[in-house]
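**Student:** Sequence:
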Amino acid sequence: MSAQTGDAVGAPQGDLRAHRDNIDRIDAEILALLTERGAEALAIGRLKHGRSQAVYAPDREQAVFDRLRALNADGVYSDEAVTAIYREIISASRALETPLRIAYFGPEASFTHIAARGRFGVSVEYDPQAAQADVFREVEHRRSDYGVVPVANSTMGVVIDTLDLFADSPLRICGEIHLPIVHNLLARCAIGDVRRIYSHQQAFAQCREWLRERLPGVEQIIVSNTAEAARRAAEEDGVAAVSSGLAAEVYGLDRLVEHIEDKADNVTRFLVIGRHGVKPTGADKTSLRFTVPNRPGALVRVLEQFGPRGIDLTKVESRPSPDRSWDYVFYADVTGHADAEPLSLALQEAEQVCQSLKVLGSYPRA
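When we follow my numbering, the leftmost residue of the sequence shown carries the number 7, and every step to the right adds one.
In short, the hints are calculated from the structure, not lab data.
Remember, predicted model here, so these are calculated numbers, not experimental data.
Beta carbons are placed, not taken as given, at the ideal position from N, Cα and C, and that holds for glycine.
Treat the hints with care, as some may be off.
So the derived label-pair ranges between C-beta atoms look like this [said to hold, decoys possible]: (1) Gln19 <-> Gly124: 35 to 43 Å; (2) Asn300 <-> Asp243: 55 to 63 Å; (3) Asp21 <-> Leu53: 46 to 54 Å; (4) Leu74 <-> Pro326: 42 to 50 Å; (5) Leu39 <-> Asp243: 48 to 56 Å; (6) Asn300 <-> Leu53: 45 to 53 Å; (7) Arg73 <-> Ala346: 14 to 22 Å; (8) Ile91 <-> Glu114: 44 to 52 Å; (9) Leu39 <-> Lys269: 29 to 37 Å; (10) Gln19 <-> Tyr83: 26 to 34 Å.
Lysine to any residue pairs mimicking SDA-like chemistry, simulated, CA-CA at most 20 Å apart [to be verified]: (11) Lys321 <-> Val365; (12) Lys321 <-> His282; (13) Lys364 <-> Ser175; (14) Lys269 <-> Leu171; (15) Lys364 <-> Arg295; (16) Lys321 <-> Leu171; (17) Lys321 <-> Leu185; (18) Lys269 <-> Leu217; (19) Lys364 <-> Ala346; (20) Lys321 <-> Ala344; (21) Lys321 <-> Phe296; (22) Lys285 <-> Thr41.
I would like the entire structure built from these sequences, with the hints used as guidance.
**Tutor:** Below, the structure is given as structure tokens:
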């Protein structure tokens, strides 16, 4: 009986060892290839330095990810998993060329921090800033290489403070990030012991129904951001926070309930800002800021430059002009690259109609 048991257990154990040995061998091969890849990255870094080229090349990275997704058509890993793996490989390779410093709005574990990490990986230096204006200033003064700021949320609308900063800034938009917003109930206590909840007012608004049904009557206290809420929950008894999963890791909190947002399609759009433009990729978006004369049909004359040329107008926002009462500044996103036809031709025509027209940046579409 014992012999039969030994055979039954022994064979699978042998198979397990064989598979693990294969994985160890493959890992060694992967590491050797990563070392070889790193040597190429160092060589590229030396060439870029000699030509004064930016280390971060969104157009090139987009091409790499597109090629990898095509190669992965029959692979066992999802495209998302492959992208995440190579995001960190590229991040580490970039650090070999020149370590990047990324300024972002908000404290550690904020959603802007999460968006920045998703774009640049962990092999960079992150510099949290208290205001969007501080992010712009850090990049403008070359203390940071790039910045990440929120610009719109699918449920709450545009972030006006960010849009207004583009009026006088020389910085360019060189990327966009679409981050699904996942809210979690975090605490050190059990859910039945929660007497008070901290969070940002938008997070409370986006979880209003869930909180009303599950934690009725529990006091809600608004703080400056969701990361600050998590910090307070870590320090006080009987307190929970509506915050991110990263905040749970940073502040040592338990995720009592995940995904408590009322709408699953809650997405925030972030912009990557820098001092350099981005080359065309063939799948680009361009952001514009323009003003028009205060006369009938002026805005229509600008917008009609795009549709007939096959250019999609994906967003138009208006803001009161800071210079003249009852005048407006318009922000628009269109498909295409400002340096490539047909958009370059459309912009030439639009300039003839606008009082002012500023290309905020052309960049790969998210």
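**Student:** Which hint numbers does the structure go against, in order from smallest to largest?
**Tutor:** Hint check: 8, 9, 12, 14 and 22 fail, others pass.
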